[in-house]
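Peer 1: Chain residues, written in single-letter form:
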Amino acid sequence: MITHATASTALNAVRETTPLVSCITNSVVTNFTANALLAVGAAPAMVDIVGEAGPFASIASALLINLGTPTPEQREAARQAARAAHDAGVPWVLDPVAVGALVHRTALAHELLDFKPTVIRGNASEIIALAGTGIGGRGVDAADEVDAALDAARALAQKAECVVAISGAVDAIVSVSEILRVGGGAEMLTRVTGGGCALGAVSAAFVSAGRTKGLGDLESVAACHIAYSAAAERAESQAAGPGTFAPLFLDALYSLEGAELKRIPLS
Amino acid sequence: MITHATASTALNAVRETTPLVSCITNSVVTNFTANALLAVGAAPAMVDIVGEAGPFASIASALLINLGTPTPEQREAARQAARAAHDAGVPWVLDPVAVGALVHRTALAHELLDFKPTVIRGNASEIIALAGTGIGGRGVDAADEVDAALDAARALAQKAECVVAISGAVDAIVSVSEILRVGGGAEMLTRVTGGGCALGAVSAAFVSAGRTKGLGDLESVAACHIAYSAAAERAESQAAGPGTFAPLFLDALYSLEGAELKRIPLS
Amino acid sequence: MITHATASTALNAVRETTPLVSCITNSVVTNFTANALLAVGAAPAMVDIVGEAGPFASIASALLINLGTPTPEQREAARQAARAAHDAGVPWVLDPVAVGALVHRTALAHELLDFKPTVIRGNASEIIALAGTGIGGRGVDAADEVDAALDAARALAQKAECVVAISGAVDAIVSVSEILRVGGGAEMLTRVTGGGCALGAVSAAFVSAGRTKGLGDLESVAACHIAYSAAAERAESQAAGPGTFAPLFLDALYSLEGAELKRIPLS
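Residue numbers (my numbering), protein chains in the order written: chain A, 1 to 267; chain B, 268 to 534; chain C, 535 to 801.
Hint data in this document are derived by calculation from the structure and do not stem from the laboratory. Keep in mind that the hints are not guaranteed to be accurate.
Said to hold, decoys possible - Here are the simulated lysine to any residue pairs, SDA-like style, with alpha carbons at most 25 Å apart:
1) C:650 - C:721
2) A:262 - A:132
3) B:426 - B:529
4) C:650 - C:609
5) B:529 - A:240
6) C:747 - C:679
7) C:796 - B:325
8) A:262 - C:774
9) C:650 - C:634
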């Protein structure tokens, strides 16, 4: 179960603990991701080269591995970082961008499952493809509906012993035994690149901070989706288009108040 | 010939067909390029690694290859993608950023001409350098005037059987037998990085969408320049500087109306 | 000594001479760095591949090498560029992001000192780590205070015969025999990624432009910090959060007037 009060607790925990999130992410969204982490109160560090990614992941508060533009250097760095995080007990998030038809990222995503991500975050197509029950979407689009991916999410949750978050009109955050649903949000978030990618990074911050308050990872991820949706709603109400939406969204992440979280429908 | 009505048709076609544009582009502008594509109604996917770029280009609606920061990985990915697009009949745009004095991009740009780009887009210096009739500018500056590059553009159009678009105070869109001129635009666009680079990506979307409406590629590229200039004019009228110009420009691409295109002078 | 009048002279010099700054920088901040250079009146060019970085650095007005995400390709390109700049007498800035615990960037930063950077810019942790008198901070955070890094800065200034700029609440710009202090600025600048990284690039532009007016490098770097702080103050007074701060900061760099520099406390 997730409540607005828990979401508020988790958001405050991020701001109080300033989790250091090491990111291996794609070239399109590095800037937006770092700024989203800073805005929400975390500290980003993009350490994505072989020889540095592993040691840094082991001392970071959390790790994000996003497979959006996985160069050979990043692929090997991702292996080292995932292994280091796993061995050091550092929570980590896997964002399997566009897995399915594209060979290198698909093979790598499957390989990384062995290092037990704490959270897998993607759209329905990606979750289905990673679970091996479908062939994925076209790029980062979400061609499948969230509900169609629930079985795949549960299968992944069992296999990797992790939380699986599916983004869609109503997000589903899934464990082996539970499904939390977070509504709200903004259509505009789909017209800005990196909305989903930055969510993965912010999820890593919430999981790290949540653990300091005794929250379960499932609750922390749901709390993150709630805060993210609330920020998106505020920004969409102020923006004239996707260009002005992006900076307003970062402003909202920065100054989001507990009361604003209550607008987000849960179930 | 190009008319404002045709430009409006092409813009609507992009919004209706949501062309999927695979991009191999430089690290400075990936985010702005993806956001420009999303804003105008297309779908971006940055697939720029060896082994994935080729297969993805062959199923995309269109392809952009921009040589701004061409790592060895990107150079090989560009070869694979250009070949795949050529073989699959997928339209593709070559943006030969700063070719001339810099060895790797210059050699690669010439090599890629064999795969018959549908459109070559650059400033006058770059077009002259690629045609082999000059030595290029300093970085991405446009040291030469558009008119001085017309012969070079025609030579390239003949050699690669393509459309050549030259950006400048008044843009020229050139085929072997025709020259269309698109004025308007905003000086501010030259104070934001990626203005030209994103134009190349958006051109790819217009060519793909235009073909679904029976437009010729020359018309589609001119239509794209018209829409781009109109969006830039609106944004410049609202912005206090280049920082606020960029998000306002994306807003304008998003909500541009047919009537606004009529402000752009054509010949 | 530095005065507000000198800072104004240096700012005008940048706008008049449009220095071409070649940048080898990290994937998180390439866009913001290029836009900051454009806004202040310089011309950016990100030439960071082996075989091109060296020749380009030797003809550029100035060079920035930032070690934020140093891939093997960038590391070799940095060596070639630093050597070329040194041999051609082109001023260059080294930004040793997160040196200390991370092996590749730390080894490279020390190696690059042989090519005598004109300016080394970092936070206190980085300066201390590079001087070999401490072990660095966590990522790009500034865990040490500026004053604690003064000895390290002087040691580096002597070793590399350069200016060392330490960013903090009050920045210190240090030569072997002098310390200039620049206050002001905005807390918000620490909530946006790339604030420090772009400062390094803009410093390169100021040093190049300053030399055309007979300013010493120490004065030019201090002038740059003054202009940067003044722009940050204006933007912070207008922004609702870090998201809107970033574009407003670029606007401020673009239209900054001499009178605004006088608000920045010096000593």
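Peer 1: Is residue 650 of chain C close enough to residue 634 of chain C, meaning Cα to Cα at most 25 Å?
Peer 2: Holds, at roughly 20 Å.
Peer 1: Below or equal to 25 Å on CA atoms is what counts here, so check residue 529 of chain B against residue 240 of chain A.
Peer 2: Within the cut-off at roughly 22 Å; holds.
Peer 1: Are the Cα atoms of residue 262 of chain A and residue 132 of chain A separated by 25 Å or less?
Peer 2: violated, 36 Å
Peer 1: Check whether the Cα positions of residue 747 of chain C and residue 679 of chain C lie no farther apart than 25 Å.
Peer 2: violated, 33 Å
Peer 1: Take a quick look at whether residue 650 of chain C and residue 609 of chain C sit within 25 Å of each other, Cα to Cα.
Peer 2: holds, 17 Å
Peer 1: Given the proposed pairing of residue 426 of chain B with residue 529 of chain B, does the C-alpha separation stay at or below 25 Å?
Peer 2: This hinted pair is violated, its Cα atoms lying about 34 Å apart.
Peer 1: Would you mind confirming whether the straight-line C-alpha gap from residue 796 of chain C to residue 325 of chain B stays at or under 25 Å?
Peer 2: It is violated: about 58 Å lies between the C-alpha atoms, which goes past 25 Å.
Peer 1: Within 25 Å, alpha carbon to alpha carbon, are residue 262 of chain A and residue 774 of chain C?
Peer 2: Holds, at roughly 22 Å.
Peer 1: Would you check the hint for residue 650 of chain C and residue 721 of chain C, treating anything up to 25 Å between C-alpha atoms as holding?
Peer 2: violated, 32 Å
Hints 1, 2, 3, 6 and 7, counting from the list given before, are not met by this structure.
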